[in-house]
Structure formats: C-alpha cells, structure tokens
Amino acid sequence: MAEIDIIAKLKESKLLGRSGSGFPTGLKWEMVKNEKAAKKYIVCNAASGEPKVMKDEYLLENHPQEIIEGIKIALQTIDNSSAYIYLRKDFYVKFKDILVKLTKNLPIMLVKKPGGYLAGEETCVCEAIEGKNPEPRIKPPFPTQAGLFGFPTLINNVETFYYVSQIAKSQYKNTRFYTVAGQAKNKGVFELPADWPIERVLKETGNWPKSDFFAQVGGGASGEVLLPEELQKPAGGPGAIIIYEKKKTACLKLMKEWAVFFLEQNCDKCTPCREGVFRISEMLNKGKVDGKALQDIVVNLREASFCGLGKIAGIPFSGLINKVCKSLLTENK
Amino acid sequence: MQITINGKQIAAVEGKTVLEIAMINGIDIPFLCYHSDLKIKANCRLCLVSIKGKRGLQTACSTLVEPDMEISTESAEINQIRKTNLELLFAQYKKSLGAWDFNPELLRLAKKYQIDLQRFSDRKKHYPKYQFGPAVLFDTSKCIDCRNCVDACHNQAVDFLEIREKETFFQPAPSQDKKTDCIYCGQCVAHCPVAALSAAADFDKVEKALNQKNKVVVFQFAPSIRTSIGEEFNLPYGEVVTEKIVGALKALGADKVFDTSVGADFTSTEEAKELIEKIQAGKGACLSSCCPSWVKYVEFFYPEFVHCLATTRSPQIILGGLIKTYFANKDKIDPKKVVVVSIMPCTSKKYEITRKELEINGLKPVDYVLTTRELAHLFKKHKIDLKTVKPEKADDPLGLPTGGGVIYGASGGVAESALRSAYLMMTKANLPKIEFTEVRGLQGIKKALIQMGDRTIKMAVVNGIGNAKTILEELKKNPKAYDAVEVMACPGGCIGGGGQPVPTYGAIRSKRAGSLYEIDAKEQGRIAHLNPVVKEVYRDYLINEKIIKTICHTKYASVKRK
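Note that the protein sequences, when read in sequence, are chains C and D.
Start counting the first sequence at 1; every next residue gets the next number (the numbering used here).
Start counting the second sequence at 1; every next residue gets the next number (the numbering used here).
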C-alpha cells in the first residue's frame with residue numbers, strides 16, 4: 001500500500017489514539033513522517049497502567065497478528081524506522097513467545113516495562129526504553145519531534161495499531177474495545193461503536209445493573225465517577241466501564257485502593273501529585289475528608305501537575321465523595 | 001523580540017525562558033527547583049504562569065519566550081495554586097525555621113501568598129539524617145524533593161546522591177553503590193533551596209574553644225571568603241571585606257587572625273618547585289592538590305593518577321602547620337594550647353583536616369573548619385555586624401599575602417600563581433606579563449601553552465570536577481598531553497564552594513572572582529615566593545628538606561568506600 005494512502009485513510013477514518021488521550025492518529029503519523037531525522041522509532045505501547053482495563057490483554061491474546069500488521073504498516077510508512085513493543089511485565093511473560101514468533105526477521109524488539117511504575121505516559125515510555133527512571137519529560141519537544149534517544153518517535157497503543165491494520169484493509173467501522181468490569185453480570189471486553197453512550201453499551205451487553213449503582217469510566221483508578229443518569233455520553237479514556245452497586249460498595253475502602261495505586265505508581269517528581277495524592281490518602285486513612293483541602297488539592301492536581309497522570313489523579317476522589325458519599329466530609333466552616 | 005509581562009512591554013532575547021526574562025526585569029515569579037547551573041526540571045510547580053493562547057498554565061522555567069507572547073504572572077487562580085503548593089511543601093520546611101542554616105526564600109513566599117503554615121502535618125517526621133564524612137549533613141526530613149542536589153551531584157560526575165524509592169516515594173538519598181562515594185564538595189548544599197543539606201557544623205566547638213582561658217585560638221581565613229561573606233550581611237556581590245573579617249573575628253574573641261592566602265604563597269612556592277622538577281625529569285603531568293574533593297576524587301575514581309598529584313599541602317594545612325610550629329616557637333606558646341580554626345568556603349576542608357598523614361608531632365595542623373555560612377551565623381549569633389565592625393589588619397607574622405595568594409580563590413588562580421613563580425624560578429628572567437588571563441574565567445576547561453625559556457608548558461585548568469574526566473581520559477591515552485593540570489571541584493573554584501552563601505550562580509561567581517583579581521592587580525607583591533613573609537620563614541624555619549617535607553608536603557593513596 002502506498003504510504004500517503006494510509007495516512008490519508010487514517011485521517012479519513014478519524015481514528016483517535018486508544019491509550020485514552022484521544023490524539024488523532026493520522027495527524028500523529030504525519031507529524032513523525034514529516035520530521036527530518038536520520039532515523040525514527042515506532043513504539044507499540046502495551047503498558048497501560050490503569051487497573052481493570054482488559055482490552056490490551058484481550059487484543060494481544062486474540063489479535064496479535066493484526067497488531068504486528070499495524071506496526072509493519074508504520075515501519076513501511078515512516079522512513080528509516082525500527083520498532084519496539086513496550087510490554088507490561090505480565091504481558092511480557094504471557095505474550096513473549098507468540099510476539100517473538102510473529103516479529104521474526106522484522107526490526108521489532110520487545111521491551112519489558114520496569115516494575116511498579118505507572119510508566120505508560122509517552123515520555124515515560126521513552127525514558128524506560130532508554131533504561132532510565134520512567135519519569136515524564138518536559139514537553140516540548142514532543143515525542144513526535146524528539147522521543148526515543150532524541151529521535152522522532154511514533155507511540156501508539158496496542159488497540160490503535162490493531163485498528164490501523166483494520167483501516168488498511170478498509171474494515172474499520174468506527175468501533176472500539178470496551179472493558180466492562182466490577183459488579184457486572186456479563187463482564188468482558190466488547191467491540192462496539194465508539195460513539196455509543198455508556199448506557200447503551202451496558203444495556204446491549206446485558207450489564208445494566210438492577211440495583212442502584214455508579215460507574216467508574218475510563219480507567220480503574222483515574223476514571224471519572226458517573227451516576228446512572230450521567231451515562232448518556234460515550235466512554236472516555238481507555239474505555240473501561242466499572243460497575244459498583246451502591247449497597248455492595250464501601251466507598252472509603254475503594255478510595256483507599258485508588259490512593260494506594262497512585263501513591264505506588266506515581267513518579268513523585270512534581271509537588272501536586274507527590275504531596276497531593278499523599279494528603280488525599282492521609283485524609284482517607286483518617287476516615288474524614290476536609291472538603292476544602294480536597295478541593296484545593298484536586299484543583300492543584302488538575303492545573304499544576306507535570307504530566308497527564310497527575311492532572312487526572314484527583315478526579316475519581318472528588319467525584320465519588322461529592323456524588324456518592326458526602327457523609328465522609330467534615331463540616332466546612 | 002518584544003513580549004508583554006503583566007501588561008508591560010519587555011524586550012526579550014530568543015532562546016531565553018519566560019522565567020529568565022522575568023528575573024532580568026525584576027518581575028517576581030516564585031520558584032524553588034530552578035537553578036541556572038542545573039537542567040530544567042519544572043517539578044516544584046511554583047513558577048506557573050498563564051500565556052495568552054496556550055491552554056492551561058505553563059511553567060515559566062521551561063517555557064521559551066516567543067515574539068509577542070502575552071504573559072500573566074499573577075491571578076487569583078495562579079495565586080491559589082501557588083498557595084496550595086507552598087502549603088504542601090511547608091510541612092517539611094517547617095523544621096528549618098530556627099535552624100542555624102536556613103534559606104528564607106520559602107518563608108518569604110509563605111508570607112507573600114499568605115499560606116496556612118499548619119495546614120498539613122509533617123510527612124517526613126521520621127526521616128533519617130545522613131552525614132557524609134565530617135563534611136555534609138543531609139536531614140532528609142527537611143527535604144522538599146526538588147532534586148537539585150541529585151542534579152548538582154550528577155554535574156560533578158559523582159552521582160553519590162540519587163533518586164531511590166522509600167515507602168512508595170521516590171526521593172533523593174545517598175547511593176548504596178560502592179562504585180561511587182561522596183567527595184564532600186558540598187555542591188548539593190550550595191544548590192539546596194531549603195538547607196536540608198548543610199555543612200556538618202562545628203561552630204559550637206569553636207565557641208567552646210574561645211571560652212577556654214588556656215587556649216590560644218588562632219583563625220585563618222581563605223582567599224575567597226573576603227569577597228563572599230559580605231553577601232550574608234546584605235553587602236553587594238563581590239564586596240571586598242578582608243579587614244572587616246579580621247575585625248569581626250577579633251570581636252568574636254580571636255587571639256590571632258592570619259590570612260590563608262599567605263599559606264597559599266607557600267603552596268605556590270613548593271608547587272612551582274615540584275612542577276619544575278617534574279618537567280625537567282620528564283615525570284609526566286603534575287596535578288594540583290589544593291582541593292581536597294579533587295584529591296578524594298582521584299584517590300577514589302582514578303587511583304592510577306594518585307602518583308601525579310602534587311605532594312605540596314594545601315594553603316590551610318601549610319599555614320596551620322606553621323602556626324603550630326614556627327609561630328608557636330616564635331611567640332613561645334605550647335603548640336598543644338593552640339587551636340587553629342580555618343574559615344573556608346568549603347565543606348571538604350572539614351574532611352581534609354581529618355587526614356591522619358597531615359599531623360605534625362601528633363598535632364593536627366588545623367583543629368576546626370568553619371564554612372563561610374557557619375562564620376556568618378556565628379557573627380550574627382554574637383551580634384557582630386560585618387557592615388559596621390571596625391576593620392583591622394591581619395596579624396604578623398602570617399598576615400600579608402601576595403596577590404598570587406589571593407587569586408587562589410578563583411578557578412585558575414592556583415595555576416596562575418604557581419606559573420608566576422615557576423617562570424621566574426625556571427628562566428631566571430623577568431615575567432613578560434604577570435597575568436595569565438588564559439586560565440581565568442568560568443569555562444569548564446581552560447587550556448594554555450606557556451613558553452618558559454626553551455620549553456612550552458602545556459597547562460589545563462579544570463573548572464568544576466564534572467569536567468575532570470575529559471582531561472584524565474586524555475592523560476590516560478597520552479601521559480604527555482599536559483604538563484600541569486589544575487582542578488577545582490566547585491564551579492568557579494572556591495568562590496563557588498559548597499560552604500559559600502546561597503544563592504551562588506554564574507553572575508555571582510564572576511563578581512566574587514572579579515574582586516579577587518582586582519585585589520591582585522592592586523597588590524605590590526604578586527609573586528608568591530617573593531613574599532617577604534615567605535622569604536623570612538624559609539630563612540628562619542624551613543631551612544632544610546626534612547622540615548620542608550614535614551610542614552609543606554604530604555602523600556596520597558587510593559581509597560575504597562567504607
């Protein structure tokens with residue numbers, strides 16, 4: 001296939017990056033292609049750190065050929081390029097053999113993500129593959145300009161590469177892979193239209209709960225907390241929908257789990273995320289949340305954090321407390 | 001180009017950041033993790049500003065100016081964010097209030113943004129203190145995680161401080177890797193915005209000695225102090241306060257005050273002799289040895305060069321040795337009763353005086369080292385104001401240096417002073433020009449070819465130990481690449497030392513060094529070995545090789561991490 005063709009097709013398809021950030025894929029490919037450099041890199045990001053997002057694993061399990069096909073198309077499109085598949089540790093163990101087999105004789109290398117870090121952020125991925133501490137870099141330059149080892153780098157999610165192969169074959173029908181998890185009857189990964197409202201996804205998959213519930217939508221840690229009446233919009237982020245039945249859910253315990261996740265997974269580089277997440281966790285451990293402090297911290301996380309992880313880290317906490325468990329708030333003067 | 005900050009048109013230069021332009025124009029954008037010596041990290045998040053046309057807030061430290069940029073440095077939203085950030089950091093900083101070494105910047109910001117000092121509890125209450133040799137103290141419970149120390153240590157090519165995980169937090173900590181070790185330079189101290197890193201303080205021991213009737217407390221002060229300590233008393237950068245230091249030390253209770261620059265004149269004399277001997281014998285490069293961090297660096301990281309280090313002792317050690325021998329004899333004082341206190345710009349000098357091989361008749365040449373900041377603290381504690389104190393001249397017989405001894409405080413100064421003497425000793429001709437400007441300045445590596453009679457001396461001056469590797473690797477390949485190498489661990493030399501006032505950065509280093517060179521230019525005597533004091537001591541005391549060796553020379557050995 002002619003290379004201009006695929007970029008035009010990607011643009012025409014309006015495919016958005018499926019890591020959760022939603023950057024237009026065609027534009028990203030074009031940016032990397034147009035950079036002038038002696039060599040370029042392609043990275044397939046299979047290291048999303050968000051808990052309860054099952055779709056990357058599902059795709060690696062069921063469609064490894066299509067993913068490799070997508071990477072191959074990128075290799076053909078971007079001159080002087082070679083590729084890495086950057087895998088979460090458990091994915092590396094599970095899929096190493098099949099991926100090695102499929103990438104034989106191709107300039108594609110497998111890299112295992114260093115343990116413990118939430119190193120799925122693009123610039124963290126570059127740092128990690130270079131063997132450094134996976135901490136976010138200052139942008140600009142963006143990875144498309146100077147990414148891995150300082151060369152222009154195309155970083156796409158597993159699902160994005162899968163759909164590139166579908167688009168090349170003109171088989172893309174504006175779908176995405178949803179994960180339905182939590183207290184749902186029919187949990188799993190479902191390929192459905194990308195523009196469906198969350199409610200429809202749940203209903204069509206037989207997952208609309210009978211009792212009162214809330215959903216965390218996006219990822220299992222930083223996803224937004226939504227009440228049933230708020231599910232009229234399409235799912236954001238990496239497309240996980242986690243169901244929590246109100247009567248079965250201990251909000252404090254759930255939030256503590258989120259807090260532990262962020263404490264363990266953040267890189268501690270910037271003040272809002274390092275200290276802010278700690279203070280949220282501290283308040284949760286006391287069982288009482290100072291609403292003003294929480295609000296200040298959430299604003300700081302959103303507006304002042306260094307990277308995308310920090311910017312969204314406060315969202316689930318303020319959402320759950322304000323929408324579901326206001327009783328945890330101390331009296332505000 | 002033109003930009004607008006807070007509605008005001010400002011001329012800006014391409015390639016500069018918003019923060020740099022704001023600072024040049026006196027616009028107060030708060031920051032803690034920015035330092036012009038270090039790579040931009042943008043992690044404290046205090047310098048956030050809003051820029052028209054850009055989504056969200058941007059860190060001024062990491063944003064390059066663009067033509068017609070419109071920047072707002074303050075707004076209700078920005079100030080609220082700064083307030084919360086400061087509150088989040090203040091819990092750790094709180095413990096610095098009232099400590100002897102204290103950086104008031106965070107407190108200033110706390111007041112400006114009206115933060116609630118008690119909003120959050122101390123997250124690091126149980127964090128440990130580390131001491132690095134006798135030189136540096138790292139109280140990790142005060143650390144605000146800006147990571148400047150880690151980057152400063154990396155710039156020194158030491159990487160002793162690193163980011164390690166502890167209880168889910170990645171934070172600065174000393175490395176456990178036996179392949180690296182602290183060289184005590186104190187650049188971490190000089191770059192810490194909250195004094196979580198400080199010199200391992202000894203001023204209380206000095207106060208105690210001053211209170212003991214039977215002790216004769218003799219102070220000496222390093223060349224670079226005279227153009228830096230004024231900053232601690234709000235005097236302009238680079239202000240020369242030599243005689244005020246003497247007056248203030250006398251007010252503190254010093255029995256005698258001598259000038260370490262006189263010690264430097266002895267060092268130059270002996271080092272010039274060593275250099276000539278090495279050149280004539282074709283013994284390979286002569287490496288300077290005044291900087292104890294550099295000596296430790298060689299002993300630890302490059303033991304194969306230990307034999308190249310000049311055996312000449314550093315100025316404070318020679319002067320200390322002379323105080324406890326020559327001076328004590330002359331004034332008929334029991335050397336055991338003499339307490340020598342050095343005022344140094346340096347944390348590493350605290351380590352140097354513990355080296356066993358320097359002892360003379362079982363006595364340490366120097367008993368205590370105080371840094372510039374420690375002395376300033378001591379003056380303030382005793383209500384001695386350097387601004388108003390009566391100036392006095394340093395005491396005889398070790399109080400009158402040459403200009404060569406004074407420029408020791410700047411990178412290249414040791415080389416220049418030794419070259420002046422070596423030239424005269426070797427050629428017996430007059431110096432064509434006394435100033436070796438090729439070796440001055442703040443470049444990382446300075447090279448010069450110096451004609452001495454029929455020989456051309458290849459000289460390299462390394463400014464900041466991070467640059468030493470280049471020269472050492474060159475010497476490994478070609479031992480004749482250089483005849484003489486001066487290395488100062490701290491950028492700028494001692495005027496940028498780890499014990500100096502903060503902040504220390506390029507422009508301040510230039511001012512401090514510039515004033516040293518001005519002193520030199522005005523001096524009658526500028527050649528170390530021609531100093532009448534030096535001549536007198538060689539005539540009366542340093543009369544044979546054995547005693548010269550005892551007072552003026554030492555030895556080195558490779559070391560491993562303990």
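Everything labelled a hint here was simulated from the structure, so no lab data went into it.
Glycine included, C-beta positions come from ideal geometry on N, C-alpha and C.
Please note: incorrect hints may appear among the correct ones.
Stated by the list, open to error - A few chain C positions that, by computed beta-carbon distances, are all more than 10 Å from chain D:
#1 103
#2 133
#3 186
#4 195
#5 228
#6 234
#7 269
#8 274
#9 276
#10 279
#11 282
#12 300
#13 322
#14 328
To be verified - For lysine to aspartate or glutamate, the following DMTMM-like pairs were computed, each having C-alpha atoms within a straight-line distance of at most 20 Å:
#15 288(C) <-> 177(D)
#16 246(C) <-> 230(C)
#17 124(D) <-> 264(C)
#18 286(C) <-> 177(D)
#19 132(C) <-> 122(D)
#20 233(C) <-> 264(C)
#21 39(D) <-> 127(C)
Which earlier hints turn out false for this structure, listed by number in ascending order? 2, 7, 8, 9, 10, 11, 12, 15, 18, 19, 20
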